[in-house]
Amino acid sequence: MSVSHAELREVSKVFPAAGGQGDVHALGPIDLNLAKGEVIAVVGPSGCGKTTLLEILAGLAVPSGGSISFEGRPVRGEVPDGIGVVFQEDASLPWLTVWDNISFGLRRAGIGAAEIKRRVDDVISFMGLEDFARAYPAQLSGGMRQRVCIARTLVLEPRLILLDEPFGALDQQTRLLMGDELLRLWRKTGATIFLITHAIDEAVMLADRVAVMSARPGCFIDLVKTEWGRDRDSRVVADGRFGALTGRVWTRLREESLKSVGRSINRVPAAALS
Amino acid sequence: MSVIPETSGSAYVGGHDSAPATQRQSLQRLLDSFLLIVVLVVIWQLVYWKSEVAITGPIETVKTAIELLGSETFWRHALASGRAFGLSLLMSSIGGVAVGLALGAHRFSGAVAAPILTALYTIPKVTLYPLVLLIFGLGISAKVAFGVMHGIIPVVIFTMDAVRNINPVLIKTARVLKLSPSETAYRILIPAVMPEIVTGLRVGFSLTLLGVIIGEMFASQQGLGFMIINGMNVHNVRSLTAVVLLLVFFAVVSGSVLLALERRLQR
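Protein sequences, first through last, are from chains A and B.
Quick note: the first sequence uses this note's numbering, first residue 1, plus one each step.
Quick note: the second sequence uses this note's numbering, first residue 1, plus one each step.
If you are wondering where the hints come from, they were derived from the structure by calculation, not from laboratory data.
Some hints here could point you the wrong way.
The calculated DSSO-like cross-link candidates involving lysine-lysine, where the alpha carbons are at most 30 Å apart (straight line), are [stated by the list, open to error]: (1) A:K36 to B:K63; (2) A:K117 to B:K172; (3) A:K225 to A:K188.
Quick partial rundown of chain B residues pointing at chain A, CB under 10 Å, derived from the structure [to be verified]: (4) T73; (5) L170; (6) E183.
Where is the CB? At the ideal position from N, CA and C, for every residue including glycine.
All chains should be built: construct the whole structure from the sequences, respecting the hints.
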């Protein structure tokens, strides 16, 4: 927690009125310091603005108020060098092979062909994609495609990696194994990781700190330190403290989830009973 | 049609044994096409036995078709059709892709145009042919206009849908990889919409051909459509059937080429 890698100061997002509704206050104000090399996970009820927060931090969206900085420089409306993003949806390019997908971002960065080949082959072997380098994404399973997207991000050697529910579409076992992969690449690269997830166990297992968000407008209501070692893996789920930590996160999240679910429950009966 | 069982569940569906599998698949497809042709020829022969007045038999027709391919008259008409078709296809394709891209990129215009296009697509356009003739006169322009009327709408619809349905995550990816607007268009957007545009062009191709041939059947002295209708009028069934066979051959071959291209793009 020594050096601040990225900072969010009173960041908020208001979507202007549309379709007969008033302005929607989606997010904030949020303050957060990302320490260099830490893993921070953000959990929150659906619709609380988690993805908006990630897009603002990435420079993909502009906040309505507040400021963001990455490595001391302000972020606004453009993705800074050194930030990599892995999206929730499959973002592999279907018309390119796995190898070409991974090298896609490098080819325009003015790097020599030999250097590209070395870096891509490195990442491919690190992510265990050797047998599929010549395959097209359509020939791969969902988990393998997400690996390709992670590899495409890694090959650019980002110092801050933002992941938006990257394993959300995968089954539980694959998710735990992908979590191990994420910890492995985190140890190897030393990157700072900002992970958005709806899975409490995933957040507690992977993160150094878990930020719990309230229902809309999303604000941080708790920040839980896990204090796992750097060499942790998915087996921490068997650790005695794991239950206590997930319990604490869920207690805070439960009230908030009820608020957001309550909103729709209140709307349902009128339609359902008529 | 595939008889190859899907190996779902494994992480990697293609792989080392994909080459023989593809080979078997294309062999299967070839066999399917062959069977289809045999069935069609048998039906043709049966129809011929039932009504010799309206149609000639398969063998005789192939002979006549070969004769036609050596005759100057046929090539004069084929050239006339070819010119009209080429011009129509060029206009439908370029115009259709351009209009489709614009409507796809501008959400409001696209929303307004979509139901209008669907309505236009459904209208039996032959009912408008008198109008086309009155506007464009009796020459090649009426045929071209009629071909374009048929062909351009599917190209517009497919292109528009392709642009509207681009996966937004691909555009975010372009921004994360810091592509410039022109690189985004060239390296992400165009490859992403290409398969659907080729589908539109394939449909546009066959409908343009249909429009031009129908156009030639009325108020025309030239072209393969004229040869067909003239064959009926002077009861030259041999020539009529042979021209139809040659047209079918052309349509099927070019359709298959476009379909193969489409499959290549749809990984």
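Cross-check of the supplied hints:
A threshold of 30 Å between alpha carbons decides the hint, and for K36 (chain A) with K63 (chain B) the separation of about 82 Å lies outside it, so the pair is violated. Between K117 (chain A) and K172 (chain B) the alpha-carbon distance is near 25 Å, which keeps this suggested pair within the 30 Å criterion. For the hint pairing K225 (chain A) with K188 (chain A), the CA-to-CA distance comes to about 22 Å; that is within 30 Å, so the pair holds. Using the Cβ-Cβ criterion of 10 Å, the hint placing T73 (chain B) at the interface with chain A is not satisfied: the shortest such distance is roughly 47 Å.
The restraint placing L170 (chain B) at the interface with chain A holds, with a minimum CB-CB distance near 7 Å, inside the 10 Å limit. Nearest Cβ of chain A to the Cβ of E183 (chain B): about 7 Å, under the 10 Å cut. The hint holds.
Comparing the model with each numbered hint stated earlier shows that hints 1 and 4 do not hold.
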